[in-house]
Amino acid sequence: MLEATNLTKHYNGVTALDSLTLTVEPGEVFCLLGANGAGKTTTINLFLNFIAPTSGTAAINGIDVVQQPLETKKYVAYIPETVMLYRNLTGLENLEYFAALAGRPDYTRDQLLGFFQEVGLAGDAADRRVGTYSKGMRQKVGIAIAIAKGARSLLLDEPTSGLDPKASNEFSDLLKRMSDSGVAVLMATHDLFRAKESGTRVGIMKHGTLVAVHGTDEFGHADLERLYLQYMHD
Amino acid sequence: MVLRIARKELVEMMRDGRFRVLSAIVLAVSLVSLLAGWKHYTDLSRQHETAAASTREQWVNQPEKNPHSAAHYGVYAFKPKSQLAIVDTGIDPYMGVAVWLEAHRQNEFKYRPAQDRTAVQRFGEMTAGEVLQVLLPLFVVLMTFSAFSGEREQGTLRQLLSLGVRRRDLMMGKALGIAAALGLVLVPSVIMGVVAMALTLEGGLLAGDPMRAVLLVAVYAAYFAVMIALALGVSAWAASSRLALVILLSFWFTNSLIASRAVSDLASALHPTPSAIEFQQAMQADLDDRAPVQRRLDERRAALLREYNVDTIDALPIAFSGISLQEGEEYANLVFDRHYGRLFDLYDRQNRVHQLAGVVAPMLAVRSLSMGLAGTDFLQHRDFIRAAEDYRRDIQRILNGDIVRNQKPGQVYLAGRALWEEVPPFDYEAPATSWVLAAYTTSLLVLGLWMAAAVAWMLRAGATARVD
Ligand SMILES: Nc1ncnc2c1ncn2[C@@H]1O[C@H](COP(=O)(O)OP(=O)(O)O)[C@@H](O)[C@H]1O
Ligand SMILES: [Mg+2]
Chain A
1 MLEATNLTKH
11 YNGVTALDSL
21 TLTVEPGEVF
31 CLLGANGAGK
41 TTTINLFLNF
51 IAPTSGTAAI
61 NGIDVVQQPL
71 ETKKYVAYIP
81 ETVMLYRNLT
91 GLENLEYFAA
101 LAGRPDYTRD
111 QLLGFFQEVG
121 LAGDAADRRV
131 GTYSKGMRQK
141 VGIAIAIAKG
151 ARSLLLDEPT
161 SGLDPKASNE
171 FSDLLKRMSD
181 SGVAVLMATH
191 DLFRAKESGT
201 RVGIMKHGTL
211 VAVHGTDEFG
221 HADLERLYLQ
231 YMHD
Chain B
1001 MVLRIARKEL
1011 VEMMRDGRFR
1021 VLSAIVLAVS
1031 LVSLLAGWKH
1041 YTDLSRQHET
1051 AAASTREQWV
1061 NQPEKNPHSA
1071 AHYGVYAFKP
1081 KSQLAIVDTG
1091 IDPYMGVAVW
1101 LEAHRQNEFK
1111 YRPAQDRTAV
1121 QRFGEMTAGE
1131 VLQVLLPLFV
1141 VLMTFSAFSG
1151 EREQGTLRQL
1161 LSLGVRRRDL
1171 MMGKALGIAA
1181 ALGLVLVPSV
1191 IMGVVAMALT
1201 LEGGLLAGDP
1211 MRAVLLVAVY
1221 AAYFAVMIAL
1231 ALGVSAWAAS
1241 SRLALVILLS
1251 FWFTNSLIAS
1261 RAVSDLASAL
1271 HPTPSAIEFQ
1281 QAMQADLDDR
1291 APVQRRLDER
1301 RAALLREYNV
1311 DTIDALPIAF
1321 SGISLQEGEE
1331 YANLVFDRHY
1341 GRLFDLYDRQ
1351 NRVHQLAGVV
1361 APMLAVRSLS
1371 MGLAGTDFLQ
1381 HRDFIRAAED
1391 YRRDIQRILN
1401 GDIVRNQKPG
1411 QVYLAGRALW
1421 EEVPPFDYEA
1431 PATSWVLAAY
1441 TTSLLVLGLW
1451 MAAAVAWMLR
1461 AGATARVD
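If you read the sequences in order, they're chains A and B.
Take this note's numbering: the last position of the first sequence gets the number 234, and nothing is skipped along the way.
Take this note's numbering: the last position of the second sequence gets the number 1468, and nothing is skipped along the way.
One chain only, chain B, in its complex shape (with noise of 0.2 Å):
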């Protein structure tokens, strides 16, 4: 019964000249999206490849000259980037995918594309995340609002009731028809983002993880089941099609449009963070102030000259400066550590709260998911963060520590190649999905209520629906 009433459904919205415009146009609009994310991420791969590529070969390939010079002149490490970044950018726009490391500083990320934009290529460019967060839940909408209601306007509600359907199978059938009609549109969609993504498999690090497609599939599979029956259940208990519209577009405005925008206001109310420049002079503040270092030389120097029983540290067998470098670094990360630590605490208090407002807005945990599962989001930027800066801190203790080891009092020393060539390359491993799921545990149960809850809405509202 559920799948007769399903495909009547289907038939008659393939039918129905509206349904195709509207279908033509998200057709368009999501392979648009697709091809410049597609364009967009093989572009970045490549460039990342060869800069990759190159800033080792620069590394290994640098002149005699002495490893501190060496530290400065530093590498640059590349963000890893998921196919599943053709779907979800996330933050990469807007957070930066590359970053410079070197000697004394954690630099910022560099290239951050959001920066470069104008306001109007923002608007004109949809990526696939938003075709999917945004724009189909408004198909959604507009397929499903009279789905309910303009059967009870047109008199046929009556009749199918007097036939003896049972509501709940009219209810379901109708809410599979339009699934299978969403899925029809976006068919051509998911097989063009499986063929770029089988392109590109090469690159990347996820490659060999299909888990995380499967997964982002099911997420928005769950989401926009979330939207089909919230819709029909609507479209049944309004006294009319007219009704259901307006409270339908009321909700997918305020899901999609203006749900993020309170919540980002209210994370920075919460747990507000300190501007760029704040930060960063309260960061240089504790840098400038060098007595904790000195204190801590000192100390090391009173060891040594203890320890090896000299008068002078031109005594010692090995290279005091290398040791001051280390302990300028050492000093330096404690207060990278304790700067970022506290200020990446308050980012991840304010991704909590975005997760937990998932529950007045499901797109706010969709999109919490699809870039997580994308590895786009914050905390997998923080994670190569976190790698890319244990990574610098490891090339300035070998450096320092070949220093240490080999310069000798009142000469030049110089070090090459087989130095260079003791540094690792960089290899960043992307977190498992599986740390991804634990991370966002929080969302993954908020789109299992609202999916429990917009199925047991859509049931009720059909069981108490009036016939007329």
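Same shape as in the complex, but just chain A (with noise of 0.2 Å):
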């Protein structure tokens, strides 16, 4: 479970995010939607205590992420626009060490080996080194290091921009079954159409203000566009 209560950050006198108030329930899929400099990485930012709030707190299963940010880390797992591998490791060791750092370093190469197929991740890709990743391939990663800590938090910022449609479409696909399993998701996208498939509710970020929070099953696909616009041009 995710909880901002009056979330508030400045950088000197600019506010980048204004009293946020969210609570994102396991299950749900919130998914944050907002011009650029809206406000979304900074939301994001400071659930993962990367950067201090000026006012307001940010929790995560219940605890401070600024009183105990070791211990609010075990709960979340984070995927960026693009999930960054090292390069002169394969793909699985990558897996390994992120999974290591992540608290389980107990795992059996065969265990590993489950994570990637269960992200439909081709079985020779896990042994390669990651340079020829693609960036499908490497969100997918992210997905297995998720899954591989057992996150019941996820964090994405903006996960699927420049993926084609069917690697967004396989995304999309991992995403639901995790929030199916219990998981809490807060995503920053700018892609309506998945936020409307993918998403129990939508909000809509501008100036540092969630200006509009909708459930998905609320409207179509094009009320959403509508909605959306509107916002943005007052």
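No lab work stands behind these hints: they were computed from the structure.
Yeah, the Cβ is synthetic: ideal placement off N, Cα and C, and Gly gets one too.
Honestly, I wouldn't trust all of these hints.
[Unchecked claim] Here are the computed lysine to any residue pairs in the SDA-like style, where the Cα-Cα straight-line distance is at most 20 Å:
| # | chain 1 | residue 1 | chain 2 | residue 2 |
| --- | --- | --- | --- | --- |
| 1 | A | K74 | B | T1156 |
| 2 | A | K74 | A | Y107 |
| 3 | A | K74 | B | G1164 |
| 4 | A | K74 | B | R1004 |
| 5 | A | K135 | A | D124 |
| 6 | A | K135 | B | Q1154 |
| 7 | A | K166 | A | R138 |
| 8 | A | K135 | B | T1156 |
| 9 | A | K196 | A | G220 |
| 10 | A | K135 | B | E1153 |
| 11 | B | K1039 | B | A1028 |
| 12 | A | K176 | A | Q117 |
| 13 | A | K206 | A | S19 |
| 14 | A | K176 | A | E197 |
| 15 | A | K74 | A | D64 |
| 16 | A | K206 | A | A16 |
| 17 | B | K1408 | B | D1311 |
| 18 | A | K74 | B | V1467 |
| 19 | A | K135 | A | L89 |
| 20 | B | K1065 | B | D1394 |
| 21 | A | K135 | A | R87 |
| 22 | B | K1065 | B | V1412 |
| 23 | B | K1039 | B | P1080 |
| 24 | A | K74 | B | R1166 |
| 25 | A | K74 | B | D1169 |
[Claimed, not checked] Some chain B residues close to chain A (C-beta under 8 Å, calculated; not the full set):
| # | residue |
| --- | --- |
| 26 | M1001 |
| 27 | K1008 |
| 28 | V1011 |
| 29 | E1012 |
| 30 | R1015 |
| 31 | G1155 |
| 32 | T1156 |
| 33 | R1158 |
| 34 | Q1159 |
| 35 | L1160 |
| 36 | S1162 |
| 37 | G1164 |
| 38 | V1165 |
Mind assembling these two chains? They're in different frames, but the hints should get you there.
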């Protein structure tokens, strides 16, 4: 579970995030929409305690991220726009390293290969250096790391930007599977179609303020786009 | 966690082409320098062994002659070399390793290869000590400058920290990984060094003192630890890999190339030593002033005539010429002690400046300790000079004493093998390890300080480093 309470961040006078109050429950996929500079990444950075809030709190599993930064990170996984991997290591070695550092050094090779299969990565990719990995493959490794970690919350920052439709679709499926298993997902995205497809709720952000929150079952694709553009106009 | 991180760093480096090329170069250069050091050492110690044996041989096999002629004939004394001189030749090439011991004078050292080398030769010939003190820190800088900043620039740092990795673990793991990589590169050289020393173990006086070798390894290990911690701290602290590289290269350049020159200049500005010519002239002027000797001889003559109740020295039962020779020696010794004492005192002070300057550049502390442990530093050179000079004075005393007892007025006195054998062979024992450590306490403290400061800096830089 992810909770923000009056979460605010100023950068020398500029308000990047203004009094965000938001709860993402297990099984929910909350999609943060908004133009560039709206405050989406700032929100995610605050949950990861990469930056200190000016005021307000962020909590993961009910634990304050500023007070217990290491404890809260046990329950969360983070997937950036492009999952970065160590190019001199194979895919499996990367997965093994990230899993070990996430507190799971005990996986066998078979178990790790199992995670690879689970996210739809071909078996022969596992022992290849990741230099040749496409972005779609990298994002899948990101999910595999999250699964290996056993994270109960997921923070994603535009994870499907630049993915081809098929890869994007596969990624959404994986996300859906995770949320079905009770993971709380907070995803920043520009992809209205994906937000409607795989999100349970969407929130529209503008200049650091969450201006609207709707359930995705409230309207169709066209309505969401109209709603979004309407908020962006004024 | 730390070990897991270290292992990944090591694996990554070993698969990195740049690292392999760099290590190959470092490996080649260090092996060549060790080989050169070993060859130099074995050549020199073989030469010394034969020369030391033959100088003794020639001494005891002198034909019958007046003891004072024998005193002029003289003997050579050779400074024993520790096997560790293979690693650090120190000041030996500049100060010389052999001295001619004869009547009336304290000679300068001979065999100074540095004098005979051209600039090109000196440049091309990197000693193992220079490899360790100059080349390896550069290697560390090149391996480490992007160790942290690179992850930040790649974006992997965000991912690592999102996993809940402790920053302290990350820093320690990376430091350990780099240390392990460095260790791997050094393994062949260390093995070769140990083999080289084992092969030469029968020679040299420090054969039975592995403590020095262990300490030498520890000193360099501490030095590399300092360099790794500093470089990793800078990598975390600097805004970019590029900036980190610029900062670290500047530090490397200052530490290993500029500092030693600057400190030499500072030391000689603070404690200027006379030029060789000035020194010799001042000493010669004192030696040429025979009045004090004359006075002393007059006193002794009067006392002896009184004691034996005779009128002329020819009537004495002992040879006054021997006493006169010995008095000449004693007076010259006073002059030597005064002039050399003053000069060596200045060197000592300069040495202290060098040790203290280690606070600014850790390489200076390491260099002092390295030379000290290898037995090729100034302090141990001075100790040898003292022992050789004591031995020279013993010889003069024995020979002059023999003249006093046996020379008869108006007769030619010749001594033989019995007297030559009365002069013991020169037997010099190099100072103990504890002596060296006591002499270099300042450098040890300075190195320890650097170690603590560098690790503290590394951990602090890691704790406060930006995520992106
Ligand atoms: N480190 C920073 N220093 C100053 N301003 C920043 C910094 N990071 C983000 N901002 C500002 O905060 C606002 C929100 O940025 P961000 O959260 O990255 O937007 P988004 O991810 O929605 O595109 C922007 O106006 C941006 O310029
Ligand atoms: Mg963003």
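Tested hints:
The suggested pairing of K74/A with T1156/B holds, with an alpha-carbon distance near 18 Å, which does not exceed 20 Å. With a C-alpha separation of about 17 Å, the suggested pair K74/A and Y107/A falls inside the 20 Å cut-off, and the hint holds. Of the supplied pair hints, the one linking K74/A and G1164/B holds, its CA atoms being roughly 6 Å apart against a limit of 20 Å. A threshold of 20 Å between alpha carbons decides the hint, and for K74/A with R1004/B the separation of about 18 Å falls inside it, so the pair holds.
For the suggested pair K135/A and D124/A, the alpha carbons sit about 17 Å apart, so the restraint of at most 20 Å is met. Between K135/A and Q1154/B, the direct Cα distance comes to roughly 15 Å. Compliance with the 20 Å bound is thereby established for this hinted pair. Restraint check for K166/A and R138/A: satisfied, since their Cα atoms lie roughly 15 Å apart, inside the 20 Å limit. For the suggested pair K135/A and T1156/B, the alpha carbons sit about 15 Å apart, so the restraint of at most 20 Å is met.
For the hint pairing K196/A with G220/A, the CA-to-CA distance comes to about 8 Å; that is within 20 Å, so the pair holds. With a C-alpha separation of about 18 Å, the suggested pairing of K135/A with E1153/B holds against the 20 Å cut-off. For the hint linking K1039/B to A1028/B, the alpha-carbon distance of about 16 Å falls within 20 Å, and the restraint holds. For a cut-off of 20 Å, the pair hint linking K176/A to Q117/A stands: about 17 Å separates their Cα positions.
In summary, the hint linking K206/A to S19/A is supported, as the alpha carbons are separated by about 12 Å, within the 20 Å threshold. Of the supplied pair hints, the one linking K176/A and E197/A holds, its CA atoms being roughly 10 Å apart against a limit of 20 Å. Of the pairs offered as hints, the one joining K74/A and D64/A holds, with about 13 Å between alpha carbons and a cut-off of 20 Å not exceeded. Annotation: proposed proximity of K206/A to A16/A holds, straight-line Cα distance about 10 Å (limit 20 Å).
Among the hinted pairs, K1408/B with D1311/B is consistent with the structure: their alpha-carbon atoms are about 17 Å apart, no more than 20 Å. As the CA atoms of K74/A and V1467/B are separated by approximately 18 Å, the hinted pair is consistent with the 20 Å bound. Pair hint K135/A plus L89/A holds up; C-alpha atoms about 16 Å apart against a cutoff of 20 Å. Using a Cα cut-off of 20 Å, the hinted pair K1065/B and D1394/B holds, with the two alpha carbons roughly 19 Å apart.
For the given pair, K135/A sits about 13 Å from R87/A by alpha-carbon distance, which is consistent with the 20 Å threshold. In summary, the hint linking K1065/B to V1412/B is supported, as the alpha carbons are separated by about 9 Å, within the 20 Å threshold. Between the alpha carbons of K1039/B and P1080/B the distance comes to roughly 16 Å, so the proposed pair stays at or under 20 Å and holds. For the suggested pair K74/A and R1166/B, the alpha carbons sit about 12 Å apart, so the restraint of at most 20 Å is met.
In summary, the hint linking K74/A to D1169/B is supported, as the alpha carbons are separated by about 16 Å, within the 20 Å threshold. This hint holds: M1001/B has a C-beta 7 Å from the nearest C-beta of chain A, less than the 8 Å allowed. With a least beta-carbon distance of about 5 Å to chain A, the hint placing K1008/B at the interface is held under the 8 Å criterion. Of the supplied interface hints, the one on V1011/B holds, with its beta-carbon coming within about 7 Å of a beta-carbon of chain A, less than 8 Å.
With a cut of 8 Å, the hint placing E1012/B at the interface with chain A holds, because the nearest CB-to-CB distance is about 5 Å. For R1015/B, the suggested interface contact is upheld, since its CB lies about 4 Å from the closest CB of chain A, less than 8 Å. Given the 8 Å rule on beta carbons, the hint for G1155/B holds: about 4 Å separates it from the nearest Cβ of chain A. Because the smallest distance between the Cβ of T1156/B and any Cβ of chain A comes to about 5 Å, under 8 Å, the interface hint for this residue holds.
Interface hint at R1158/B: satisfied, since its Cβ lies 6 Å from the closest Cβ of chain A, which is below the 8 Å cut-off. Of the supplied interface hints, the one on Q1159/B holds, with its beta-carbon coming within about 6 Å of a beta-carbon of chain A, less than 8 Å. Satisfaction of the interface hint for L1160/B is found here, the shortest Cβ-Cβ separation to chain A being roughly 6 Å, below the 8 Å cut-off. Below 8 Å, beta-carbon pairs count as interface contacts, and S1162/B has one with chain A at about 4 Å; its hint therefore holds.
Checking G1164/B against chain A: minimum C-beta separation of about 3 Å stays under 8 Å; hint holds. For V1165/B, the shortest C-beta to C-beta distance to chain A is roughly 5 Å, which falls under 8 Å, so the interface hint holds.
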